[in-house]
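My request is simple: use the sequences and hints to build the entire structure.
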Amino acid sequence: MIQRGGIFLLALAFSMFFMLPTANADDIELMTVETDIFVPEDIVSIQVPDYVYVGNITTTNSKLETDDIILDINNTGNVDIIVTPELADEGETIFSYLYFARTTSDPYRRIGDWSLNISKPSSEGGVRKQSFHLKLDLDEYPGDFTDSIFNHKADVRFVAVADD
Amino acid sequence: MTKIPFILLFLFFIPLVSSLEIGISPPKLELNISVDQEICRPFRLITDRQTTFTIETKWSEELSRNLKDYTLPEENLELRTNAHTSIPVSSSQPYMFCINAKEAGTYYGVLIASAPQGAAVGSWLTITVSDKQESVSSKITGLVTKDNASSSISYSILPIVLLEFTLLFASAGMLLLVVSRKKKTKLV
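Line by line, the protein sequences give chains L and Y.
Numbering follows my numbering, in which position 42 of the first sequence is assigned residue number 42; successive positions increment by one, without gaps.
Numbering follows my numbering, in which position 55 of the second sequence is assigned residue number 55; successive positions increment by one, without gaps.
None of these hints come from the bench; they were simulated from the model.
Incorrect hints may appear among the rest.
Unchecked claim - Simulated pairs of lysine-lysine, DSS-like, Cα-Cα distance not exceeding 27 Å:
#	chain 1	residue 1	chain 2	residue 2
1	L	Lys153	L	Lys63
2	Y	Lys68	Y	Lys28
3	Y	Lys58	Y	Lys28
4	Y	Lys28	L	Lys129
5	L	Lys120	Y	Lys28
6	Y	Lys68	Y	Lys102
7	Y	Lys102	Y	Lys58
8	L	Lys63	L	Lys135
9	L	Lys153	L	Lys129
10	L	Lys153	Y	Lys58
11	Y	Lys58	L	Lys120
12	L	Lys129	Y	Lys68
13	L	Lys153	L	Lys135
14	Y	Lys28	Y	Lys102
15	Y	Lys68	Y	Lys58
16	L	Lys120	Y	Lys68
17	Y	Lys68	L	Lys135
18	L	Lys153	Y	Lys68
Rendered as structure tokens:
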């Protein structure tokens, strides 16, 4: 009886030894599945005009302002953004009277007090275009224009940051 | 003479403005550092044409998403960064931003990369500076956890191997017992 039990246990041990490597072996029929999960990095990206002629002003006119100009800024990244125009030279006086509005129905706001929200493009790699209105209004300008000024330029910097 | 209207039409369709595309990644950065500890993180600057980015930081007393509130230079806040530099970029360029602080606290800033053509992109910065030095144990926690995870497979087959050896010894013992009994009966 003991002999049979011993043989049984021995057989069981040997069979488990054979099963053990089988359970962890690499030769089981397996199908390898593979995928690529693409997580795009968040990017703040804009496309802005680098030059615009805003028009001319004649001081004898009743309104010292240029015509309204429509410009576009493109959100070319993949996050919502806020774009704020600012003068590169804070000492610039004439173009400190640049006024902006999202639409003509919105009130015009002076540079420094205005920003534009642009949603992210609807698809990765896409572009979301947002128009805005711009004009130079010198009605509030404190100085006097005794001589004509030609080709007066100033740099406006459009700063885009994430709107989160 | 007849070509003039066509030339005028062509000129009409030439865009009056050209445009520049620039970008920065990531859009925001949150860092936890200790006093006097310098830490660096990579940014990526992107442009659609050869340009030179000017890097600067501006800081605010409190958290805000209005750029107008970011008026403080880093010197006022006992912060030191490697901003205030110029980086030529043709399409995509990594930029390693480094910062350290002399005083504990939370600092809110914006890293601005400006192109001379009138576009600029910014990344929000939230820097939390603590007095305590970062503990060594917190640095190695991840490694320990990782080692445990990788060895979990070997731990799972350990009970099976132990059972194997128990069975082997038990069966060998029983067989030896049987053999010794047989020898005894033969001697008798």
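Unsatisfied constraints (hint numbers, rising): none
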